[in-house]
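**Student:** Now for the letters of each chain:
Number of protein chains: 2
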Amino acid sequence: MAQPAPQSQAEIRQRNLSRVLHAVAEAGPLSRAGVAGRIGLTRGAVSTMVDELLRAGLLVEQGPGRSGTVGRPGTQLLLSDRGPCGLGAEIGVDHLAVCVMDLRGQVRARLSQQAHNRQSEPGTVLDALSGLLRRAAEQTVAAGLRPAGLTVAVPGLVARGTTKVLRAPNLGWRDTDLGGLLPADLGPVVVENEANLGALGELWSGLWSEQERAPGSFVHVSAEIGIGAAVVVDGELLRGAHGFAGELGHMPVRPDGRPCTCGGRGCLETYAGEEAVLRAAGLRPGPAVRLGALTGRCEAGEPVALRAVRRAGTALGIALSGAVNLLDPEQVVIGGALARFGPWLLPPVRRELARRTTAAAGGRSTPVPVTASPLGPDGPLLGAARHAIRTTLDAPGGVA
Amino acid sequence: MAQPAPQSQAEIRQRNLSRVLHAVAEAGPLSRAGVAGRIGLTRGAVSTMVDELLRAGLLVEQGPGRSGTVGRPGTQLLLSDRGPCGLGAEIGVDHLAVCVMDLRGQVRARLSQQAHNRQSEPGTVLDALSGLLRRAAEQTVAAGLRPAGLTVAVPGLVARGTTKVLRAPNLGWRDTDLGGLLPADLGPVVVENEANLGALGELWSGLWSEQERAPGSFVHVSAEIGIGAAVVVDGELLRGAHGFAGELGHMPVRPDGRPCTCGGRGCLETYAGEEAVLRAAGLRPGPAVRLGALTGRCEAGEPVALRAVRRAGTALGIALSGAVNLLDPEQVVIGGALARFGPWLLPPVRRELARRTTAAAGGRSTPVPVTASPLGPDGPLLGAARHAIRTTLDAPGGVA
Chain P
14 MAQPAPQSQA EIRQRNLSRV LHAVAEAGPL SRAGVAGRIG LTRGAVSTMV
64 DELLRAGLLV EQGPGRSGTV GRPGTQLLLS DRGPCGLGAE IGVDHLAVCV
114 MDLRGQVRAR LSQQAHNRQS EPGTVLDALS GLLRRAAEQT VAAGLRPAGL
164 TVAVPGLVAR GTTKVLRAPN LGWRDTDLGG LLPADLGPVV VENEANLGAL
214 GELWSGLWSE QERAPGSFVH VSAEIGIGAA VVVDGELLRG AHGFAGELGH
264 MPVRPDGRPC TCGGRGCLET YAGEEAVLRA AGLRPGPAVR LGALTGRCEA
314 GEPVALRAVR RAGTALGIAL SGAVNLLDPE QVVIGGALAR FGPWLLPPVR
364 RELARRTTAA AGGRSTPVPV TASPLGPDGP LLGAARHAIR TTLDAPGGVA
Chain Y
14 MAQPAPQSQA EIRQRNLSRV LHAVAEAGPL SRAGVAGRIG LTRGAVSTMV
64 DELLRAGLLV EQGPGRSGTV GRPGTQLLLS DRGPCGLGAE IGVDHLAVCV
114 MDLRGQVRAR LSQQAHNRQS EPGTVLDALS GLLRRAAEQT VAAGLRPAGL
164 TVAVPGLVAR GTTKVLRAPN LGWRDTDLGG LLPADLGPVV VENEANLGAL
214 GELWSGLWSE QERAPGSFVH VSAEIGIGAA VVVDGELLRG AHGFAGELGH
264 MPVRPDGRPC TCGGRGCLET YAGEEAVLRA AGLRPGPAVR LGALTGRCEA
314 GEPVALRAVR RAGTALGIAL SGAVNLLDPE QVVIGGALAR FGPWLLPPVR
364 RELARRTTAA AGGRSTPVPV TASPLGPDGP LLGAARHAIR TTLDAPGGVA
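Protein chains in written order, with our numbering: chain P, 14 to 413; chain Y, 14 to 413.
Honestly, I wouldn't trust all of these hints.
Here are some, though not all, of the chain P residues that point toward chain Y, as calculated from beta-carbon distances under 8 Å [what the hints assert, rightly or not]:
{"no.": "1", "residue": "24"}
{"no.": "2", "residue": "67"}
{"no.": "3", "residue": "70"}
{"no.": "4", "residue": "201"}
{"no.": "5", "residue": "203"}
{"no.": "6", "residue": "230"}
{"no.": "7", "residue": "246"}
{"no.": "8", "residue": "253"}
{"no.": "9", "residue": "258"}
{"no.": "10", "residue": "335"}
{"no.": "11", "residue": "343"}
If you're looking for bench data, these hints aren't it; they were derived computationally from the structure. Glycine is no exception: its CB is placed at the ideal position from the N, C-alpha and C atoms.
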């Protein structure tokens, strides 16, 4: 969506501070003049804002400028690696994880633990997560950073703009407000669906580099126990009328095929979900046997394992053909647990897309590019931390 | 998308004139005070703009006000039915059609003729269409209206913001610019894909009534010879990265099924496209045998015809289940030629959606509503005319 018109001086100030930070994030180190040139404000106005951001610890100076630049080198501005930081957290079905990211996008601390969260009391799970968060916050403060926001990824549906989990079937949660169960002293708390955060993590991978911009419109597949997706259109998540968009796992792949837990038949999840893939590979799914158990077998060239992954790829390619024909994205990104199976999974995905989408889409001659997310299963956790950072860069007024 | 911030006095004036017109369109007859109350501007400012719009012939007065209103009745404002009008045109595979719509949304003239446009020269087709447009324009002027814009619906892909048809496979056109082939004296010319105009026609059905607002997010199926769709999200068309979004007809319904002209297999079009349905009903498709030939047989209860339409409904329901799981729209609207088969087509569509989407979408208890468009096969033509009117209401400065 376009930026709404600024309403007040405070909002204009906030927006301009944010533009300074984003310019330095993308193209830093930058001089004050370099910032002014990029954002189209006067050098005087930029200097005032830069001073404010230096005092608040969001920017730091280094100088003199890089050799080889023309003219007298000035001091250069960088985002601080000792100022505010973002905390990302992930509630998985069998693990909890927390990471601390500085304004430069570097992971500064990372903690995780196994957990049996399936059908657990939310209070118990959140106690454990809060313990991890406290330890991470201590490490953070010791490193000279201060927590400026917390974003929590959950495998379920979150009521938009709230901290309430409407449904998380794999956890057994329903209408559970996490707000009061999380530490209140780590900055503003955001709770968001893990597939959405995986996609936003991908979208914002270009936050710190103008060279590495993610495409603005893509389908991001997020496979853990189930299969979800997030659709990004022009840099915005497509959430759907009720917040339920992205249910790629229940797209019919073989309409008269296997019954699915959803009540339908032949859904993608029944062919490419974790349990289906493990069973197809002759393994018995369980807390100790996750998709990761298959990577070694694929690397070793075990035919049963390879066939199971290729079949999942074919099913995924069929479902994605439908999505691509409908949405015409710039790119498809496979994230989550399936991202590790790229060498075996992507060829059948690409084959189905080539067969089923090129001519259909008005004669496009090459199929949509499909890549495995470099973040892989870390996507939602890193996406959560990036979300917290992005919130600070977008609205530094709360910190500056 | 949110309205961008106004840049100049001229733009602010344009926007405010448009707000006056939209207020009167939605809720007229309205007094000047009524308009001022609805749009939040002073009565003085509104009066100046109303006078301007009266002079330009976009508004007319009627008075005194309706009885039963409190206080002294003032004159009431209405959109003019003798001012500027919009022209919509449709290039079909075997017909041409033109309609004239006044600012109140009433069709004031309508002309159509059979034509053999498949594999025809664009120049020949556009000559015939221009003839129809001239006759319609004459009728328009005789009725005291003046053409203020022309929107042309084509069954193909149009380069966004241009009058160039990139590909229209059923016409055999490729990279054909229609701009120079259309009359230049009917106002600004817009060329747009027919499925998009069908959806916009639906979206803007609420333009003249605040009671009848269409949902802001819906999937609009547009079936003529092929099957297309338009996806509307928050009141905007989702066009896709290359303008190819909405290819519902090539969503895989039975992945190992019938070969499709697109090179894929088991696409929706091979089960619910016109040719497939006619063949399934034992008819031989051809220029004289179109889907309309089946409605009578369905009404008469012919088992073969009913079975053919029901099978198409099942395939459509499977494809739409994928679309609904992915997009979570408020509503699904079936437009175009299939809209006439509602009583026989919709039950299997709804059955598939109920089986395949309710539990999947986070436990939504009722499936997405599916309706047949009241515009039916007229959707693209009426959508084109509404598009021309809407352009005038949005930017009256060119006319006022």
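**Student:** Could you run down the list of hints and mark each one as holding or not?
**Tutor:** Right, here's what the structure says about each hint:
1. At about 12 Å, the closest approach between the beta carbon of residue 24(P) and any beta carbon in chain Y exceeds 8 Å, and the interface hint on this residue is violated.
2. Checking residue 67(P) against chain Y: minimum C-beta separation of about 30 Å lies over 8 Å; hint violated.
3. A hinted interface residue such as residue 70(P) counts as satisfied when its beta carbon comes closer than 8 Å to some beta carbon of chain Y; here the least separation is about 32 Å, so the hint is violated.
4. The closest approach between the C-beta of residue 201(P) and any C-beta of chain Y is roughly 23 Å, which is over the 8 Å cut-off, so the hint fails.
5. Because the closest C-beta pair between residue 203(P) and chain Y is about 19 Å apart, greater than 8 Å, the hint is violated.
6. The closest approach between the C-beta of residue 230(P) and any C-beta of chain Y is roughly 5 Å, which is under the 8 Å cut-off, so the hint is satisfied.
7. This hint holds: residue 246(P) has a C-beta 6 Å from the nearest C-beta of chain Y, less than the 8 Å allowed.
8. For residue 253(P), the interface hint holds, since its Cβ comes within 8 Å of a Cβ in chain Y; the closest pair sits about 3 Å apart.
9. Given hint, residue 258(P) at the interface with chain Y, holds; its Cβ is 4 Å from that chain's nearest Cβ, closer than 8 Å.
10. Taken as an interface hint, residue 335(P) checks out: its beta carbon lies about 4 Å from the nearest beta carbon of chain Y, inside 8 Å.
11. A distance limit of 8 Å between C-beta atoms decides the matter here; for residue 343(P) the minimum to chain Y is near 4 Å, and the interface restraint holds.
Against the hints set out earlier in the document, violations occur for numbers 1, 2, 3, 4 and 5.
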